[in-house]
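Student: Here's the letter readout for the chains.
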Amino acid sequence: MKRFNRYALYEVMAPLVGFAASMALLMLIVVAVGENPGNAVDAIWKMTFATSTRTATVLSTSVPLFLAGLAVAFAFRANIFNIGVEGQYFIGGLVGAMAGIYVPLPAFLHIPFVVLAAMIGGALWAAIPAALKVGRGIHEVITTIMFNNIALALVNYLVNGPMSGLGATGSLEPQTRHILPTALFANIDWLFRAAGWNVPDSVYLDYSLPVAVLAGVLVWFILFRLRIGFDLRAVGTSTDVSLYAGIKVAKVQLGAFLFSGALAGLVGLQEIFAVRGYYTFQIASGLGFDGIAIALIGRNSPVGVAFAALLFAFLRQAGYGLQFFTKVPNSVISVITGLMILIIVVSNELVSRYIKALRKKEAM
Amino acid sequence: MPMNAAAAAPSSGGDPAAGSVLLRMEGITKAFPGVVANDKISLELRAGEVLALVGENGAGKSTLMKILYGLYRPDSGEILVRDRTTRIAGPRDAISQGIGMVHQHFMLIPPFTVLENIVLGSETSRLGVLSYAKPRAAAAKLIELNNLHIDLGASVEHLPVGLQQQVEILKILYRGAEILIFDEPTAVLTPQESDELFKTFRQMRAQGKGIIFISHKLDEVLDIADRITVIRRGKVIRTLDRAEATKPLIAELMVGKPVILNVDNPRLPPGPAVLEVDKLGFVNAEGVAALRDVSFRVRSGEIYGIAGVEGNGQSELIRAIAYRTRISGGSVRLLGADLSGLDVRSRRELGLAHIPEDRHKFGLLLSFSLADNFILGSHYKKPFVSVLRTQVRRQIAENARRLIAQFDVRAPSEQTPAHALSGGNQQKVIIAREMSAKPRLLLANQPTRGVDVGATEFIYKQLVEAKKNGAAVLLVSADLDEVMSLSDRIGVMFKGSIIKEFERESATKEEVGFYMMGEKAR
Amino acid sequence: MHWGTLFDYICKGLDTSAPLAFAALGGVFSEKSGVVNIALEGGMLFSAFSIVWGSIIFHSLWLGLLFAVVIGMAFAAIHAVVTITYKVNQIISGVALNILAEGIARFLSQNIFGQETQSAMNPYSFPSYRGMNVFSLVVIPVAILSWFVLNKTVFGLRLRSVGENPEAADTLGINVTLMRYSGVLISGAMCGLSAAVLYPSRWVSGMTGGRGFIALAAMIFGRWSPIGAVLASLLFGYADAARISFASSIQIPSQFVQMFPYVLAVVVLAGVVGRSRAPAADGVPYEKGED
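Residue numbers (this note's numbering), protein chains in the order written: chain A, 96 to 459; chain B, 198 to 719; chain C, 1378 to 1668.
Isolated chain A (complex conformation) (with noise of 0.2 Å):
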């Protein structure tokens, strides 16, 4: 057993190297616009760890980057590229909403529902790329750029035209009607006081984190407990291997490609329905594509995605304290970003041969 230790402690070392090869490029840039890198990361520790306010809201950040990072990586597990996920929490999000807008339900159904209302929606959007993969031989990642556009400009549409709640808001804002009362997020800080720690009102940690648990612990007992998580392992491995054992391939990554769907839908559950309360074409962009990296990160696994979204939302606090407290820009983030990503695969590339090379020598 002891080896297989080893391995896995290879395997974490490169993220490792990354992200603090990437904080010393951080330190470099800091230096090179003139500020004293004493005050960055005194910045950065106040924006993050300094209270417990702050690490509340790194982990309420964190939130929605790990459902991304783990719809993104339930795909990668079936060898599909969900670049997707963008498209399909905006259109998932938007049929929850729907649901919270438009189905009067007693509260403890009505929560349910309009989870399960965003995870279909997510999935529909995920099914004509999915199926144009399975069917007609198209390669996802072209198909799901155009819907992530194509669902920008829907939901746009919608909010504007037949979903408009601007009257009824009193906003300026093009947004729908408020989301009925019985359907809201609480916050779930009384869980955290009961269990010694003091979090604030003002920081969402509400009903979407323990759906997020949920959907991480489901992903896991799917891939690693379930015989259909076989399956999908083994056709994300080999295609044709996974044929000749007469697994259905077709049936497999489209199931794949829809579930991926619906844990995306779950991504905007927190912007909808904790802090805004109604649902509008201006919810925050961009996760699906922090999801893709967030799932390299963390290797696929939803633990190592938890790991990894939890660092996105470091990185991300880590640029507001530097945007407020120096002159550091806040798109240092991105840059970091980016290239954190690289090095952490550039170094994973060379672990996982390393490894390679040494469980053949072992076996020889």
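Don't read these hints as lab results, they were simulated from the structure.
All C-beta atoms in this analysis are idealised placements derived from N, C-alpha and C, irrespective of residue type, glycine included.
You may find that some hints are simply not true.
As the list claims (entries may be wrong) - Incomplete in silico selection of chain A near chain C, CB under 8 Å:
hint, residue
1, LEU227
2, ALA248
3, TYR252
4, PRO276
5, VAL441
Stated by the list, open to error - Derived coverage of chain C by chain B (criterion: at least 3 residues anywhere in the stretch with Cβ under 8 Å from a Cβ of chain B; other residues may be distant):
hint, segment
6, 1445–1457
7, 1518–1532
Fit chains B and C to the known structure of chain A by using the hints.
Tutor: Using the frame of chain A, we list chains B and C on its own:
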């Protein structure tokens, strides 16, 4: 007897260059993790001779030739071309030293034309703009001079295998190679095409070129070689002159002990038909009829061998039986059930097992553990799955440990990923998995490709074992000897049809070869 | 319709097509050599910033263009190192580079122009004719030149060979790595050229708006051939120009007009794939045999 008749023709030619040493390799050593592929190998090639390099799979022949061609760097040792020490750092150096190689897997660019393939890397150009006039004339001359038959304008992907090999030969001749390496060139050819190749060899030999011919088909080696160097476990065992070489002697030198690949393979009274193929037709995506009117039966307790040059529909036939649902005509029945409407899982449920031709591509999930690979295909069934459709890990591990012991798979543990195993052990994993399903029909497609002699013998025994247990075995192999020694009946495939069936007793290599060429069908 | 309007439309369509066409040509070179480059989007964006920045630094649009081409190549070089030398998955590298490009451009814009989301105006510009940046016409000779280079030169033959069967090319002494680097770097240079026709007057954050991806769709639709890729780009470009020119006269919500090119791309891909074939080794890192 065309082979021997041709062999008697020119041997000790009157070429002035004959006899001078073209190439000397001295003390070549090359180690890979866990194995010394070449251990102080020395050999010598003279102008105007064919030097056969024989040895089993994995003996180190290919590694040595890759070193000579600059694809691998030796750990130590020297290469002298025309008595001058040479450093060969890459194919470019090899080519400039007059070394050319026809690889086992052809190195062609399929969508390019023959001429484009020939000039690639040694183009004629003005200011970087390609000019084809001179190359075309030069290639045409080489075609005439060397008994080749190629259309320079044809797209390579549409050429049959034999002609693709000629393109490879043309490529190296075009580069002015004096030292020509052929890595198992006859593996993909019919006996008759091999004869044509040997005619080309003789012509090149008469021109004073030196040829290194890698093979493990001893008849061919005795037919064409002037000298024979035997390699075993990375070492040169002995170099023989043609005059002193005999088949048993070479075979003994190759394996170190007298070869008994004659597995005890008794003929059993045939049982009922398990596989019935009737007038099977298949038109592929390009609109080509890959299978036409294929009809044959495989009965319980027999091995039915398909002989044929690769690419004559064998793969299509196996696919039609193993998984394909769309066929263009006819029927395939397994134990009376029509397969055309059945998915792979239902076919396996009926008793189908399959050793696929390329274990990396079709047989194993390389990054998965051995335990997971052992259950592949029955992973959805009890005892590996519970009522709740979760995997039963204890059963999966136990199954793996049992099969590892029973089939003597050499691996550190059942959790080791499949990619870490040697080729022979990987093949054992597949065979263990397929045999443990207690098949009624076993498809074995190129089951011994790329495995050593020990594993080959093991695999032969397993195939015979399957037959003794009452299974019907359908064997496809490019190695005619393998088909001839294992099969109770033999069907010869040519251009998508089975054009002739033989009983084991009445089949001779010569005659099967003629049918493989399609000669008698015309 | 008035003839003048039609002529305006022809010019406008060329103007909207040209950035796509340059990027699609870049995609052709990269993918013909065997490297998928979805960082075209980021490359275009960063180049679009560079042409403004370069013009202002060097007081010349032409030097600015040269600068943009160099930056486009430098940016593509990262993709080359990561995917060719380190054999990292090409899509992942592309995603990372797209994030990086946005970040760098914003970062530089903040530091140079004091604003994160847009640059200063570029005082230099190409002459325009009926709403068309005349540099757009350059795409025609570049397309013909690309066809010539790929099909009639030694370089092109070798480039295509490593995209089909790198191992075979290697055994013939062709430097696979060098060829693939060349393909990717040329795609970077093409991103630089696209900056000249996208909007050289000012850089705005997010200004490429997915054009790099549309260019990839055009490349696939054009069956990986330079001429085909440019024709497909014209299709997308003219569809887009129709939206701009005629949207006001048709009663459709603007958002539907906005999604039209993307829907068109999906429909076109759904119709064409199966009949077109990517280079055999496209997207597959080359592992030299020895291991």
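Student: Does each hint fit the structure? Answer for all of them.
Tutor: Tested hints:
no.: 1; hint: LEU227; verdict: holds (6 Å)
no.: 2; hint: ALA248; verdict: holds (4 Å)
no.: 3; hint: TYR252; verdict: holds (4 Å)
no.: 4; hint: PRO276; verdict: violated (30 Å)
no.: 5; hint: VAL441; verdict: holds (5 Å)
no.: 6; hint: 1445–1457; verdict: violated (count 0)
no.: 7; hint: 1518–1532; verdict: holds (count 4)
Hint check: violations occur at hints 4 and 6; the rest are consistent with the structure.
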